[in-house]
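**Q** Could you put the whole structure together from the sequences, leaning on the hints where they help?
So in our numbering, the last spot in the sequence shown is 256, and the numbers never skip.
Taking lysine to aspartate or glutamate pairs in the EDC-like style, the calculated list, with each CA pair at most 16 Å apart, reads:
| hint | residue 1 | residue 2 |
| --- | --- | --- |
| 1 | K135 | E119 |
| 2 | K166 | D213 |
| 3 | K162 | E211 |
| 4 | K83 | D147 |
| 5 | K135 | D116 |
| 6 | K83 | E139 |
| 7 | K146 | D79 |
| 8 | K166 | E139 |
| 9 | K166 | D147 |
| 10 | K162 | E139 |
| 11 | K166 | E211 |
Now the in silico label distances, taken between C-beta atoms and shown as ranges:
| hint | residue 1 | residue 2 | range |
| --- | --- | --- | --- |
| 12 | D116 | L253 | 48 to 56 Å |
| 13 | R203 | A144 | 35 to 43 Å |
| 14 | E125 | G186 | 20 to 28 Å |
| 15 | D193 | R245 | 47 to 55 Å |
Rather than coming from a laboratory, the hints here were simulated on the basis of the structure.
Because the structure is a prediction, the values reported are computed rather than measured.
The C-beta atom is built at its ideal place from N, Cα and C for all residues, glycine as well.
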Amino acid sequence: MPGTLFIVTAPSGAGKTTLVSGLLERDPLVKLSISYTTRAPRAGEEDGRHYHFVDVSTFRQLRDKGEFLEWAEVHNNYYGTSKGWLEAQISAGKDILLEIDWQGAQQVRKVFPKAVGVFILPPSVEELERRLRGRGTDSEDVIARRVLAARGEMRHVAEFDYVIINEDLPTAIDDLVGVVRASRLRYANQEARKPEFFRYLEQD
Numbered sequence: 053m054p055g056t057l058f059i060v061t062a063p064s065g066a067g068k069t070t071l072v073s074g075l076l077e078r079d080p081l082v083k084l085s086i087s088y089t090t091r092a093p094r095a096g097e098e099d100g101r102h103y104h105f106v107d108v109s110t111f112r113q114l115r116d117k118g119e120f121l122e123w124a125e126v127h128n129n130y131y132g133t134s135k136g137w138l139e140a141q142i143s144a145g146k147d148i149l150l151e152i153d154w155q156g157a158q159q160v161r162k163v164f165p166k167a168v169g170v171f172i173l174p175p176s177v178e179e180l181e182r183r184l185r186g187r188g189t190d191s192e193d194v195i196a197r198r199v200l201a202a203r204g205e206m207r208h209v210a211e212f213d214y215v216i217i218n219e220d221l222p223t224a225i226d227d228l229v230g231v232v233r234a235s236r237l238r239y240a241n242q243e244a245r246k247p248e249f250f251r252y253l254e255q256d
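**A** In structure tokens form, the structure reads like this:
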């Protein structure tokens, strides 16, 4: 039985990484896809655990060889998802989660049309800006650009199956866990897990 691919997208500052971490702690059956990126590691990030950190030249070589299922340039940095690894994991029945932007989500759906899309929203644009300032890592110019970009990104929310407004963190994590569990209970997934039983139910 093939696994389920979950796509989680959010503007910078909406809390996507924190929500995904909460999901992974509570559901060990979900495995995070490690993307490639050309941006510098942030404090506490480890190569091979949070991202595969590479330089621009290496990223472009991988891209030109067709190694990426999807790739995009976001805030002047490249991000990409390994095609071979992801296809192998899904074929082996693993549930995989992708943290990608809306552009990458569009590309992935062309290959995995049954992927479950989740968009994380902040409670408001004002709260998003407050959270970005709270990081203490970006200049005012960078924050202004991120807020402007977030407005454009959030216009694509209707392209996703589920929307979670991250106003209260524990509740938002519960919501994300609920999406994953509900997806496993879809008829197609249950039928694949118990094919003989469902064939029996169809008999006269």
